[in-house]
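Student: Take a look at the letters that make up each chain.
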Amino acid sequence: MELTLEHVDKSFKQIHAVRDVTLQLGKGVHGLLGANGSGKTTLMRLICGLIPLDKGSLHFMDINALKQYDTYASYLGYLPQHFGYYPHYSVYDFLSYMSILKNMSKEYSEQRIETLLERLNLQSHKHKKLRQLSGGMLRRVGIAQALLNEPKLLLLDEPTAGLDPKERIIFRNLIASLSQECCILLSTHIVSDVETIADDILVMKEGSILLHDTVANLLTYMQGKVWEMVLPASEAIALSDKYCIVKQHTMQDGVHLRFISDTQSYPNAKLAIPDLDDLYLYYFQDGETV
Amino acid sequence: MMRLLKSEYQKLGKRKFTVVLLIALFAYSGYQIYQTYHATAASEIMAMTYETTDHQKVANGLAYYRYADEYLHQYAGPFNEDTIQKMKEDYQKIMKKYQRKNIDTEKMERIYGKDWESFLKGAATSKYMEEDVRKRMERMNIDGYGMDDKGNYFFNVFYKEDPVYMLYQRIYTGHSQYATSHELYGENAGQISSEIVDISVNQYLPRFLKGAGAEKELFENAMHSGEITNASSRIAKKYQEELQQGQLQYDSTVGNHLLLTNLNKIDFVSLLVIIIVLSDMFAQETHYKTDQILIPTKEGAKRLVIAKLLCGMSLAIGILFLQLCMIVLAAFIFVPLRSLDLTVFPQADAGYYEMIRFIFTYREVLVSTFFLTLIAAMAIGMVTMTISYFSKNRFATAILMLVFMILSFAINFRQDGWLAYLCSLFPSHMLEVNTFYSWMNGGFSPFIIFMDMMIPWKNIVCVLWIILMIILSVIIIQRYQKHFVKSH
Ligand SMILES: Nc1ncnc2c1ncn2[C@@H]1O[C@H](COP(=O)(O)OP(=O)(O)O)[C@@H](O)[C@H]1O
Ligand SMILES: [Mg+2]
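Chains as they are written, first to last, in the working numbering: chain A, 1040 to 1329; chain B, 8 to 495.
Hints were generated in silico from the structure; no laboratory data involved. It should be emphasised that the depicted structure is a prediction, and the values quoted were computed from it without experimental measurement. Among the hints, erroneous ones may be present.
Okay, derived cross-link-like pairs now, DMTMM-like style, lysine to aspartate or glutamate, Cα gap no bigger than 20 Å in a straight line [as the list claims (entries may be wrong)]: (1) B/296 / A/1132; (2) A/1281 / A/1316; (3) B/305 / A/1132.
So here's chain B without its partners, still in its complex pose (with noise of 0.2 Å):
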């Protein structure tokens, strides 16, 4: 059976195209890891080089998350009063310290030209209209500027103090903002937008604290409907009571958070080379007619289907556990992982996973997000080898399943109802393991009250997939000889 298994990879791999399309899903997930951790943060309009209060820079988005991971390991241990107390004074020291006050006219005069105090005064007070705007931006490349209600335009302003100020904002907060001209011309001017983003140390981190984050969130999440408010309110019971029971624990979550980001970006692409792989599967010995020799041999047609299946399945498991493992190793060589025990909370702008924070672990989403991933493989592997099997047409199958995928687009977890639970069904929805982490306003939650048990929907999704598969398979392997050979 073994070589048996092994002549059918090398079947496979005798085809270049199927190669060259595993090389390139494999070239685009890693582009895709190492962009995560080299990414920018959105809100910076124009690059900046951030500096360190010890004067050491911080050059590029890598850069920024470990040396905030670095930064936020130091509050590290039990979390309580004193931490987030900790955390605000230092956070309002370094705010003081470098307050924004010299503004940074070299840049000022490269990016908005000589007369920038003139031109951003009148923006700011009515004096431009929008062509005099353009006109100017397209001259000078500004890329950005902001709009009041009464059509002033504003810009960024940019001051000396920015690299230290903005990197430890980035930090504290989760946000970095340039100050703007409109704080300096505009009405009401001299207000200092900055205190608008201190979300996470001041709302955040108490909310955590007090293990009322997650009933809140949960809330927040899941108004639309009784019956899931019903059991939103139980989980979060059931999540707070286990939080308040234990110790619990401050740390860095920037590579977790990370690493979680990545997770979320594997997506269809990585079942579309499946189906494209597989289509070919039992399709093939028909296309070429050798099946009609494979047949009468000792191995014969039962042990070939088997082969086959193994193969098939093997693979789509293996190309995503590919793509997992790179994503797992990316997070060791870039930022590596803390406690995955903390529980799921973005801090310092890192990723953008956005699921329900306060409740779930780290380790909880890592080990959910493997299996539903691995099934979801498997599922799309199963679903093209039974269609290619039954059409012995690649063709076919290939149009077949993207009908298949197709379909899973057109309805999405925003729907009503049952219809928000049969796409979670789609393998292609079961990548996107944030969606069995929150309640979508349509009607779906991420747990079911069956016979007062709270059952989580995603093992419903994942135990319902493996029935299937094992039914699939053996249908195939029943039927082997009735369908090997095709008439001629």
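Excised from the complex, chain A in its bound form (with noise of 0.2 Å):
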């Protein structure tokens, strides 16, 4: 179970989106890392089908996916970022819909649905228009949809987004039960989320992907970049110019900081235990918005 991308190049007009991006995903769970505009969004859409790639080629477990689009689409589960959905639809028929396009048998698809309703806390919801849904429903139900035909290739554009803290907390146990038996891709530009459950990272810049590793193993090349120290009010504003800095607290005792420095800058800045977040803004430090 492997999804090869080999030179996946596109264009929009001016914008280069996607750079020649050459992967192999295997089992298991993939976070996709960028800040807005790095174009994971399009990457995705590449991977799904819905536009044309300029160059390059994509495979999924031997299946060419532009030449057997419908082979390819039966074993894919997307969540679009922007949910689409027809608002005077209730939560079970848009379900039921969407499982007849997946091509699925009435009885299967019925149990199913139940199934992840279930799953996603949405039962009591079952009956109600979409249009009257909160956004962190609505994302649930998106997410149902993606899992309806037990997707082995499973696209989720900022899945996230919108959930509150106890909604994210049933997402992840979804996924990472998913993990086993399905290649999941999963974007966003929001750390935390990916820390826990992904089994790589993968750090998307300008369209490029700068980085393809685990997390144990990209934190290891963090180590030694990153620092702590605590420094009078006056002097923190100065470093601030100098240096990234990933967290800064001001308590009694002077300013906390937590900045990244490929050298120890200062003698009484101490060695830190790298995370996530350092690496995010050790690639992203130059003024992007996050």
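Two chains, two separate frames, one set of hints: put the complex together.
Tutor: What follows is the structure, encoded as structure tokens:
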């Protein structure tokens, strides 16, 4: 079970949104991390076949996605970033409509919808119209929709946006339980989303995949680059111009700073244990909005 | 595919507006159909209950049509001089027996007042000015009067014999008229106008019999251009030969003609409903941004597009087919049909279907109407969906289609030359089947002569649309991938 992208390239008029991406993704959860506009959504859409590739090839389990799209699509589950729905459909009607499009048998889809409603805690909203649901509930309907056909390749574009902490936990558990049978690509710009569940992380910037490695390996890479120290408030301002500040917390004894630097630039700075936030900021420190 | 199609229907059905619109349309056409059978004669100024020679009351429009149909049916059979002779004799017998002699003074007083006699006399001999007449009319609720070329006013005069007299006048001649004060008090007092209206028995029937009717009608209709006259004389000859070969049959055409009248009432309103219902067909996925989850599925964009096309087309056909069925059903309920092999020939003031008489059979017109109507429905559905597909916008589609409809009204059959033919291609005009069987003075001819063959223009219209629809659906299905997802 492997998704293979080779030299995938996509441009929109002036914007080169995806640049020569070559990837191999196996079973498990893959976090796609990148600032807004870095090309995550475009890459996902390319993988879904929603927009044509300019160059490159796309295979999943020996299926050429471009040539045998029908077969490929039957393995696919997709939650778009902006999840579109028919407001006048009820949750149940919408899911059964999707199951028809996914060519599932009637009995199977009925049973599958029940299971998913249960797992996503949507049972009580089954007959509510979609327009009456809150943002978090809609996301969950979107996730249910993606999972209907028990996909082998699950693409989730910012699935946690709009979920409250409890919903996030439900979602994480659900994803974790799927990671055994399924190749999941999950995009986000919120680091904490993937930190705990992703097996490996892809860092995307300006259309290219900068890094692709397990969380542990990436963090080793950050080893020795993250520092912590306490400074008087007056000096802290000067520092923030020079270094990438990860955290800043003013307390009685001064400002507690966590920053990234390739070398120990201050004698009283102490090495800290790196986490994904540090990594993310390290790569997106050049003034991009997060 | 069936489930996909069904789910597209459900998608339409979930919009309350669509459902309400469809119900409104069927209520509207139901009312139209009902009206045709229950209309009273246009020439009647005040409501009147007819009475048959055996003293049965004929209380309303429907009862009249039913009676007229039954009555004329007594002459059914081979059509020849004897039939006409018999009809003439029967008619004259009734006219003589129920000649207008006794004025219904009670009704006159009720309508014109106690001094009705002096008022009507005065009005007929220039005693009153318009002012006086109007004042009186307002007071008395009189809703109709006539005026002769000398400025004298005349009014209806009611006779005790009217209920019977006028019933048979209407059945035999297709018209019924009240006597007027003019005939009583005017300059030419004493002349009875009923002879003027004896057109049907005295003129139409013999003409029909000789087969000369066809030619005369055609020439009257097509006097304006040499080419058309050529075509029309050829078609006249063709049908005459057919008529003369077979044994001519006579029967009541009341039910048949009311049916045609109703078919002619199907109009652009149905097409508008189709436009409104289908304008959303390809737009709503873009509008709701559901396209991005519908495409990466097993059924995918291509089958979805096909399902949508099928859904739209079947709905368009279904809407008009249902109306056609309602009309046919109404015919069976109200005034049943006689043989469809009778040639189109209006009798007894039933319906107003204004097409060339004596030439085409009811069957031919009926079949053409079904064809043209259903193809018009498909055409409007297809064009709507094509625009919806390329614009992906409901309102843009509806507006463009409205422009299309308005354009079709802007040019009509009374245009010169090719414009008249162009006009007949518009779906809204295809519903006016009538015009495909008449010669318009502008230059429209229902048949064109090509390599010495006479080809009915309506067939060409149908074929052109079928070809266009095939092309459009192929284009849509072919381009589904490029067009389905719009960037957000
Ligand atoms: N349909 C499109 N047309 C033109 N430009 C686009 C389109 N989709 C995305 N882009 C551009 O491509 C770049 C990548 O966008 P996107 O893939 O949405 O990034 P992300 O999902 O990481 O925020 C952006 O600069 C965006 O403006
Ligand atoms: Mg995005």
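Student: Against the earlier hints, flag every one the structure doesn't satisfy and list their numbers going up.
Tutor: none
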